[in-house]
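In order, the protein sequence lines correspond to chains A, B and C. Under my numbering, the residues of the first sequence are numbered 3 to 379, in order. Under my numbering, the residues of the second sequence are numbered 1348 to 1804, in order. Under my numbering, the residues of the third sequence are numbered 419 to 522, in order.
There's no promise every hint is true.
Taking lysine to aspartate or glutamate pairs in the EDC-like style, the calculated list, with each CA pair at most 16 Å apart, reads [as the list claims (entries may be wrong)]:
1) B:Lys-1698 to B:Asp-1626
2) A:Lys-175 to A:Asp-277
3) A:Lys-165 to B:Glu-1740
4) A:Lys-130 to A:Glu-120
5) B:Lys-1403 to C:Glu-430
Honestly, the hints are just simulated from the structure, not real lab data. Predicted model only: the values in this text are computed from it and were never measured.
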Amino acid sequence: MNGASDVIIVGGGLMGSSAALFLRGHGISVTLLETDLIGRQASGTNFGNVRRQGRPIHQLPLANRASAIWRRSRELLGADVEYLQSGHIRVCYRERPELVGSMEDYAAKARLEGLDLELLSGNALRDKFPFFGPDVLAGSYSAMDGHANPRLAAPAFARAAQKLGAIIHENTKIVDAQKVGEDFIVTAANGRTFRAPILLITAGAWGNALSSQFGEPVPIVSRGPNMSVTEPVPYAILPAVGVMTPIEEETVYFRQVARGNIVLGGSTRGPSFPDQYRAYVEPQNTLTQLQQIRRLAPALGKLNIIRVWSGIEGYMPDSQPVMGPSATTSGLYYAFGFSGSGFQIGPGVGETMAEIIATGGTDIPMEPYRIGRFAKG
Amino acid sequence: MAEQRIIIVGAGPAGTRAAQACVAAGLQPIVLDEGRHAGGQIYRRQPDNFTRPYTKLYGTEADRAQAVHDAFDAIRDRIDYRPETLVWNIADRHVWTASGTGQTALPFDALLLCTGATDRLMPVKGWQYAGSYSLGGAQVALKSQAVSIGHRVVFMGSGPLLYLVASQYVEAGAAVAAVLDTSPFSARVKALPDLLAVPSILWNGVKLTQAIKRAGVPVHLGVTPVEILGDPDTGVNGVRFRDSGGKEQSIACDAVAMGHHLRPETQLADLARCAFAFDSHTRQWLPERDGDGRASVAGVYLAGDGARILGARSAEASGTLAALAALADLGLPVDKGVTASLRGEVATYAKFARGLATAFPWPSAQAAALPDDAVLCRCEGVSAGDLRAVMRETGAQEANRAKAFSRVGMGRCQGRYCGLAAAELIAAEAGIPVDQVGRLRGQAPVKPINIGIGDEK
Amino acid sequence: MPVMSRFVRLGETDRPPVTLYVDDQPVTALEGDTLMVALLASGGTLRQGEFGPEKRAGFCLMGACQDCWVWTSSGERLRACSTLATAGQRIVTSQPESTWPSNA
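In isolation and in its complexed conformation, chain A is listed as follows:
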């Protein structure tokens, strides 16, 4: 037996790393186990949107909690994760005017949850955001949202947790987890074992492999985000920008980092292979994405792409994560399957899971995320 602590966290992404940090805040001892290196898949390869709007209304309390953490991330982490509160704008195209109504409806409900959105169209939209193409009809602007650097975020949370005493083992792939008596015993591929009375699974696309060991399989599917980045150009585009549309291919987004590169994301997701720990960008998906980007912001059409990438994300059929206590095993908790939308809420998830583990409950609505929703019969 190598390690004993109050809590074992399996999965060193943003969820696991931030949970470790906040558990330490509650004075709880934590061991965080990561197959590879911290934050290298979904947490490190996503677009970096720190966006509340567009999330289900029931998720906004969690998103608001996360926003507050992003805002104080520099002090909290002692590191710069390039969080820019430069706004987020979500637009719809002329061919789908009915979405303007959806935007208005969403804004009215979001306001009740403390998220202020400004609806813009016509000259007001183009004066404020002159880069939109003629197809863009209207937009919903959230001034208090923004973006951050995913490559830096989860590792910064993990380092902060470590400084507060969390024990972190990278390159430690967990092959077995079971409850023996009052404790969970977790075994790594290298034979090391770890013991704790509480187990939190934050293993992303690999979450099902562990939840299944406790009789709770979930229908998770792994996909890879479709990401590109441009050469650096003068910093001119402040908000993160995304398209609201029912068509996956049209769902693109972009953001400019302060150094000048523009990160492009979205359109068709690619395949990813959790067993091989690899994800690939399909060339056709890159081309489709670029075509959609030209439509959204024609001026970007002259820029060069210098790199594309993907990662391994876990998707649930209802696009909602598995989050909260196990339905079969006391002391077992989950937070995985964030379905390509986990980055912004990540620190809020960590804080909430820590709160649940430390205090036994939370005011954050958790019902939509119950693992039991997938149980047969």
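Based on these hints, arrange chains B and C on the given structure of chain A.
Leaving out everything else, chains B and C in the frame of chain A:
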């Protein structure tokens, strides 16, 4: 039987000979070339309206250059040659090409990667200044444009190209201020047994060095580069180095041609998902291949300097050999005698190449000694000190991890020019062998593509 | 201030001249010159570096290092080492101002 779809990437000596072997077997390969004209880098052709003869352009290799060009011209009408075409990604047995904003996805049964090499660079403080060029770049300037990279040029680094390009500059009438070689004379003595594998190239090298000295150009061996002096607006104005005796010297110049031999362009092999292995002799990660050029992925073949640096002569042999391997795998008849003789040729050049690596060692210690304020990654402007600070703060010791945190190798060139030195710096800083640092994963696009790609407007 | 040339022509000078415009100034090059040679035979640098104070003038001349990108006056990117200079080209050596996305 349907026509076998063979795609050859690159039209240098390896790609040309590979195409020739395919044509001889009655096939019509597609040859994709980033260049405007076939020839590759070492046998790069000058523009059509230039008039210098082969002997002037290629020196001792004039006959070989001419033969490769003639071979290409002879098959030009029997292949599908696509110049100025970038292969930017490979997936599902298709290569994805870009040419301006035009694009295609081409299916293949056999893919021969003859992607050539670029200079291997060891950063020197000040190498970001205008007027610093790679040795290969200095040679391209002269060969394909008849210009010198400066009014007074210092050649600094090591490797055969150092002397070849310096002598070509001298011969063309350029002002060469000095040749500064980081490798000591003793290394050459040690390398002699291997170098004798190909006495003609060895002898050519000796003659080049003599010609440089005869022209009155100072040649210093065993130097340690200290700094390329310069001004942000006007560029390079000198070079500072320590001579073999440890004494610091400065030379005024407005251009520096720098490099330490070559590194293979392996990104496409990476995107084709070929396995790589660390080569301890050159301290580089190379795509695995069998003696005939078969990569670990079925249907993918590697030849020429893009697979490993064995030189242009070897590239001709390995290009043919890889094509014959592909033809054999496609069920076409191949002369085993020819194959055996080509294998022997490549083995001889491999021995010579080992000699070159011994004679002109990669000065890995220079990376460890880079001062904190020296730019390490030219694209992103990341200094050696920036990388060291990131390592201290984050504990990053793996190449891609260090890149993710520090941006070293994250810029437009994708780490071609800083990646190997950054790995050495990381290894030294972390106190681990350089192979444990790993290698930067190749990422599409292999070179920048325009967002307008595929736009039919 | 007179502009120093960086590159020195060592031959092949018996070619027809072509005139292009660099930052609105006429530049005479020779037919067959790359843009890089056209610009550096009549000036010292190609562009401003993004992340340091220094100006850049290319590095590898073989399309690998991506250091020599310049722009046309309408915002297209050209790799100077692998693009031929042509008569009447209008080249700019600095990125458009931060109003660039509005100029679609």
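Each hint, compared with the structure:
no. : hint                     : verdict
1   : B:Lys-1698 to B:Asp-1626 : 14 Å, holds
2   : A:Lys-175 to A:Asp-277   : 12 Å, holds
3   : A:Lys-165 to B:Glu-1740  : 12 Å, holds
4   : A:Lys-130 to A:Glu-120   : 12 Å, holds
5   : B:Lys-1403 to C:Glu-430  : 12 Å, holds
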